[in-house]
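Asks: These are the residues of each chain, in order.
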Amino acid sequence: MIRRLLLLNGVAILGVILFHSVGWGYVAMFDWAHRYDAVPADHVGTVSYYVVRFCEQLVVFSISAFLFVSGFFIAFATGRNKTIGWHLVGIRIRDLLIPYTIWTLIVWVLAALEHGLASPQDYVMDYLLGGANPAYYYVPLLIQLLLLSPFLVRWAKANYISMLVVTGVVQTAVILQYYPSLFGYDIEYLNIIPKWLFVSRIFWFSLGIVVGFNAKAFQDFLVRHKRFLLGLAIVLIPLGVIEWEIIQMIVNRGVMPHRETLLDAVYSLTVIFAFLGYYQAKIPFANTLNDWGSKSYGIYLVHSPAMTYAARIIAVFVPGILAYLILFVPIMMIAALGVPLLLMSIVNRTPLRPYYKFIFG
Amino acid sequence: MDKKLIMLDYIKQDLLKGRVSNLNADDDLLDSGILNSLGILQLVAFIDERFDYQVPDEDVVYENFHSVDAISAYLARMGGN
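Chain order of the listed sequences is A and B. In short: position in the first sequence from 1, add 933, done, that's our numbering. In short: position in the second sequence from 1, add 4, done, that's our numbering.
Any given hint could be a false lead.
What the hints assert, rightly or not - Pairwise CB distance ranges, derived in the manner of DEER restraints: (1) A/Gly1164 with B/Ala77: 40 to 46 Å; (2) A/Pro1127 with B/Asp35: 29 to 35 Å; (3) A/Ile1125 with B/Asp18: 42 to 48 Å; (4) A/Val977 with B/Phe55: 54 to 60 Å; (5) B/Arg54 with A/Arg1160: 34 to 40 Å; (6) A/Val1042 with B/Asp35: 31 to 37 Å; (7) B/Ser36 with A/Pro1113: 47 to 53 Å.
To be verified - Cβ-to-Cβ under 8 Å is the rule here; a few derived chain A residues that face chain B: (8) Leu938; (9) Leu939; (10) Phe1009; (11) Ala1010; (12) Gly1012; (13) Arg1013; (14) His1020; (15) Leu1021; (16) Arg1025; (17) Asp1028; (18) Lys1149; (19) Asn1223; (20) Arg1286; (21) Tyr1289.
Claimed, not checked - Some chain B residues well away from chain A (every beta-carbon gap over 10 Å; in silico): (22) Asp6; (23) Lys7; (24) Leu12; (25) Ala29; (26) Asp30; (27) Asp31; (28) Leu34; (29) Asp56; (30) Tyr57; (31) His70; (32) Leu79.
These aren't lab readings, by the way, just hints derived from the structure by calculation. Using N, Cα and C, we set each Cβ at its ideal position, and we do this for glycine too.
Let's have the full structure, built from the sequences with the hints guiding it.
Replies: Right under this line is the structure:
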């Protein structure tokens, strides 16, 4: 089962890329429709729209999977000690912060060349909250969870059930806070917990720690129930699509950016568990996925800026492609995966090689 | 070649990309920041393939994998080739 974690990381980074690629698909369908269509058509309810929604729903588990794997390895690094040492936590945070700082600086420089400098306060807030790029919230989120890990490990060793219940309730409460505003109630003050704050994803990290400490017991359980877990995961995909459609219909504000729902959380759980339950099943391209899994942090940091520039180049020079999502989304995926892998390969073959870990983690 | 040397070479060249030149077999791979958790998994995969020994999941623990010496001692105990 442990070997599956690298593969899960590889599948998760592919999932993140697909999620963001279809996000650009929405931009092409709605925000940029005027670039290829004199009278933009309404794409809601079209085949393209539902294919994009289905793809988005399919991979909503990705960030949860990353955090699960991170939690699992906190348990590994703890070993037989009472808890994980602050020294190790510090090293892990340093290894996250150096590449994050480099890529944040690159994003800032590119933005400054285009729009000029931002205020010092903006830079400070962007850096602390991962605001330089929409995907970078993950880094401060993971750092908070790492800082909590010495306490979470103690708790997991003392009473893991209470930890899972409490963190599960906390995370569910965060998801539920969206619902009143989703359903049209003007209770914006409830909508105050951002996704970079640890409470929004603490359950996945905690679950990883608990499974890490009880790997054998979980493995037996997951293998026993793997068919049920896989079946439930498959059923939850269309249900998640339907749930979001119903929410959008009730809210009646058109197409909204997707937010994690309760069904999404259950789906994420079943996908992660089914994936581990089928740990002996052969997965196509496993070696490639393992390789991407080992490079996932570097790919994550680079993919989103790469997609932004790829999308804008297409929108300016070949806007006709935006009309064909069957072309545009795969191009975005290739850019999102290809650019980081190409940069990694270049660094690996040049005198910059000793700095690879600092650049890509 | 000695298993320790093979592992040290793999860690230095493939996992660390030549960043650390003086890696010792008794260096703590995690505690000194040489490898992260994903690096440990890559090392497990390497041992599977290079030494033709499938490390059981329950043996992939910090105590067996915190240094090249520890891995080597573990493999010797298990009779890995």
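Asks: Are any of the numbered hints broken by this structure? If so, which, sorted upward?
Replies: The structure breaks hints 28, 31; every other hint is satisfied.
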